[in-house]
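> Listed below, chain by chain, are the residues.
Protein chains: 2
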Amino acid sequence: MINWKNLDTLAAFGKLAALKNSVNLPEAMSGENGAARVAKYSVPMAAGLSYNFAAKTVDDDVLEALGELAAEAQLTEKFAALYNGEVINTGEKRLVLHQLTRGQLGDNVVVEGTDKRAFYVGEQKKAADFAEKVHAGEITNAAGEKFTTVVQIGIGGSDLGPRAMYLALENWARQNGTLKLDARFISNVDPDDAASVLKTIDVAHSLFVLVSKSGTTLETLTNESFVKDALKNLGLDPSKHMVAVTSETSPLAKSSDYLAAFFMDDFIGGRYSSTSCVGGVVLSLAFGPEVFARFLDGAHQADMTAKESNLMKNPAMLDALIGVYERNVLGYPSTAVLPYSQALSRFPAHLQQLDMESNGKHVNRFGEPLDYPTGPVIFGEPGTNGQHSFYQLLHQGTDIVPLQFVGFRQNQAGMDVDIQGSTSQQKLCANVAAQIMAFACGKQDANPNKTFEGGRPSSIIIGEQLTPETLGALLAHFENKVMFQGFCWNLNSFDQEGVQLGKVLAKRVLAHETDGALKAYSDLLAI
Amino acid sequence: MINWKNLDTLAAFGKLAALKNSVNLPEAMSGENGAARVAKYSVPMAAGLSYNFAAKTVDDDVLEALGELAAEAQLTEKFAALYNGEVINTGEKRLVLHQLTRGQLGDNVVVEGTDKRAFYVGEQKKAADFAEKVHAGEITNAAGEKFTTVVQIGIGGSDLGPRAMYLALENWARQNGTLKLDARFISNVDPDDAASVLKTIDVAHSLFVLVSKSGTTLETLTNESFVKDALKNLGLDPSKHMVAVTSETSPLAKSSDYLAAFFMDDFIGGRYSSTSCVGGVVLSLAFGPEVFARFLDGAHQADMTAKESNLMKNPAMLDALIGVYERNVLGYPSTAVLPYSQALSRFPAHLQQLDMESNGKHVNRFGEPLDYPTGPVIFGEPGTNGQHSFYQLLHQGTDIVPLQFVGFRQNQAGMDVDIQGSTSQQKLCANVAAQIMAFACGKQDANPNKTFEGGRPSSIIIGEQLTPETLGALLAHFENKVMFQGFCWNLNSFDQEGVQLGKVLAKRVLAHETDGALKAYSDLLAI
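From first to last, the protein sequence lines stand for chains V and Y. Residue numbering for the first sequence follows my numbering, starting at 42 and increasing by one per position. Residue numbering for the second sequence follows my numbering, starting at 42 and increasing by one per position.
Excised from the complex, chain V in its bound form (with noise of 0.2 Å):
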């Protein structure tokens, strides 16, 4: 039987809110003790990565009160009811089922006589047969020529995500001879965006993935008729140039506009969806379906790590008891998310979304207002560059930010260069590690402007180089941090209701139908 109750009327959060402050985070980690911690406390991850969080302020004392909330809080029942098909997202009425584009994790899921996870498979398969058509020349444009790129257009769930996971393994796919077609990606509705995506493209040799669940998002609508005006400018019939990723009842679905079409559906949210076809049909056709097919390996084996009950098992759980310590006992308001990696650039983009998006709410699952703070604010850049830039703030200013790094022992291209005694990705490495120590221990001097009073906490995934494998445990870790952390909250993660004012104030603008301050702002920027 699972209790849907608030964080705050836990016995296990009060245990926890007594701890407060019981951990001396520079004492914790300095001399031998400070080793000891590093070996201590690290917990491994699907596909070899590991979670170490020995530079969080925490001990055996507070990880037993994280294990009596996980327990109390139901977090490993709770997500055995997602995964075996229960009504989740109780706003909107659906399951969530994003795991299931991915591997079986317990029941068969079925929906009006259909099994959810052989429908993911078999729209999975047909985009890898699609990419593999493309790939031989079998697809082609209208004069017979292979398609050189692909362009994503959506926005939101159906850029972030897979924008960011293509950055991540271009270089190892050019690296490891499997990058097949170049992905851009447009998004936004500046017609800049567009505009500037087209002008540095072959057009002729493009072939246009357009993403819309519903198939009535504005912006990607719009883009897609950019596009469509673009290509016949140039004498080419958009249909040889366009697939659709959308519902199948939506209007796109059996439209002749579109060379193909692939089917996700509302079980699946856009910001849960890169490991659908959302993601799957441009990284398949970027990479090939077998690097796909390794990416979603890599989440399906996080997703097995996320079911364990012993926390110390099971990392996604630990993280995101960690950051409720953080956010609702130490009062931190925000967390960056700092990967050692030039290929993550947009991951913490796509974390901002995942986060932000499924738990920055002020209500709980049953519309009550909730009297203790939720998600927070999330942001990030890849390190060493954050280093030379925000870094002063998380070191000296007056608040303190936890820190999530990630790092990887090898680089994906392959070159490097000795300068000084090391490699470029030894520096690299030594620096992150360098940064949880000076964050953590700070340090004393005579000059106060240069004193760092450290007991700032960070944790750090590492792993031996981002592949397709890891780069997909990464991704579902993630998911299922912020699942749990709904599930402690007492949040509805799935559901975004806080995004439609806009919208509904923006088709009034466009229809001219405002007053007051609306209707000065309108006028104010001419629309």
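To be clear, the hints were calculated from the coordinates, so they are not data collected in a lab. All figures in this text were calculated on a predicted structure; none of them were measured in a lab. It is possible that some hints are incorrect.
[Unchecked claim] The calculated DSS-like cross-link candidates involving lysine-lysine, where the alpha carbons are at most 30 Å apart (straight line), are:
| hint | chain 1 | residue 1 | chain 2 | residue 2 |
| --- | --- | --- | --- | --- |
| 1 | Y | Lys240 | Y | Lys187 |
| 2 | V | Lys81 | V | Lys273 |
| 3 | Y | Lys240 | V | Lys491 |
| 4 | V | Lys81 | Y | Lys544 |
[Claimed, not checked] Stretch-level coverage of chain Y by chain V, calculated; a stretch enters the list once three of its residues show a Cβ under 8 Å from a Cβ in chain V:
| hint | segment |
| --- | --- |
| 5 | 140-154 |
| 6 | 529-542 |
[Stated by the list, open to error] Here are the in silico distance ranges between beta carbons for each label pair:
| hint | chain 1 | residue 1 | chain 2 | residue 2 | range |
| --- | --- | --- | --- | --- | --- |
| 7 | Y | Ser297 | V | Asn488 | 37 to 45 Å |
| 8 | V | Asp243 | Y | Ala567 | 35 to 43 Å |
| 9 | Y | Gly372 | V | Asn65 | 49 to 57 Å |
All residues carry an ideal CB built from backbone N, CA and C; glycine is no exception.
Go by the hints and put chain Y onto chain V.
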């Protein structure tokens, strides 16, 4: 006589604090009262921009208190001291002269016999002449062929600002026939960053701009070696493909490794260096010196408005003070920057450095610990993309995040499409107008999950089009805003001691001179 005092010791701050929550934003912005606010609470900016703060939680009483605070904190006098050449960066005992790169604001500033304005103008002239010779084919690669691409190698301020400015004007320049060279950027010590750029450019026709003030930045020198190796492997002479931007005293200044060297000095901080040769060389090469000159002119116009002591004629000062009110009276810990312009996609990343590195400090300019919060976390993405991502939290999250919108009436590329009765540009503008009102006024609903509390403050900077002049004005506006906030908080906004400790520890890791947890992390990362 200038007095450097802490914010909480100023009488006007006490008066301001007493006005906490005196404005009910949903009420103030409703009906014709709201329209009147939009008309009234607008201040002209340089280059035809305007700063509209109707949707901030201010009224005439708050503005009066802000005006008193500006006077008591001597903001105008402190700015004058800065541009007249006093040692404002007291920690490093340096002048702060980035405004002189774009115009004369006050006295001639002469240091060791050198008129600094003349020096900066001279270096710009050198850069302009060099760029024109490259464009004319007088300076070519060894084969006598024209360069087609310019690649900036730099990190932090030598990367973020120039990169954001290039992206901001790339489409404009293409449309206006002034895109002379494509520009690319290498910044991260991650070897995959340089590898990725080198694999996607025509190296034989590329000119590299090495930017390091000290000539010792580890990332930049490492990437220089990486690039030199690549050039040599192609049988090319690196010294025919590289110029340096550095200080006259740096090891790079007189080296025969470069086609030319352009100089900056210690009085221009990295994050304030886009209008110096750090931005000037790459932007003059990419767009032509005339475009760069127009950019400088816009920045200078903004500097001139920043000299105004009347708050209602000084948008940078007003913006700064409203930010202080939000941070120190209302207690908001972060600020989102949301440009409704795809061309400004990396402008938030630049502002993130500018703001967080300048004012993320916990001691005042005398090294005394502060009892009040200083610089907030800055993050942002272009609209409308952000609407489909993290806006959920901004609308319905438990924390309030002040918002800085930017919008333009016209696009840059001159391509647009009419769908459902409106252009893309109109849709873009309609969305920003709608968002301001949705955030300010919210909406009640019988379903609490669809209720928007409103009361979420924003301002908007509005312009006709993003051009070199408006971009320059926008850049300088924020530089001056950050400076005024630093004055309010009694900080030295021009040093960055917080970035040092990490560098020291990273060197120790690379020298294998570590123990304890630092050695343990180094081992995990196989350094």
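> Each of the hints needs a verdict: does it hold here or not?
The hints, checked one at a time:
1. Y:Lys240 x Y:Lys187: Holds, at roughly 20 Å.
2. V:Lys81 x V:Lys273: 62 Å, violated
3. Y:Lys240 x V:Lys491: 41 Å, violated
4. V:Lys81 x Y:Lys544: Judged against 30 Å, a Cα distance of about 27 Å means the pair holds.
5. 140-154: That given contact is violated, which follows from only 0 residues of the segment 140-154 of chain Y lying within Cβ reach (below 8 Å) of chain V.
6. 529-542: holds (count 8)
7. Y:Ser297 x V:Asn488: 37 to 45 Å: 39 Å, holds
8. V:Asp243 x Y:Ala567: 35 to 43 Å: Because 41 Å falls inside the window, the suggested range holds.
9. Y:Gly372 x V:Asn65: 49 to 57 Å: Since Y:Gly372 and V:Asn65 have Cβ atoms about 27 Å apart, the given range 49 to 57 Å is violated.
Against the hints set out earlier in the document, violations occur for numbers 2, 3, 5 and 9.
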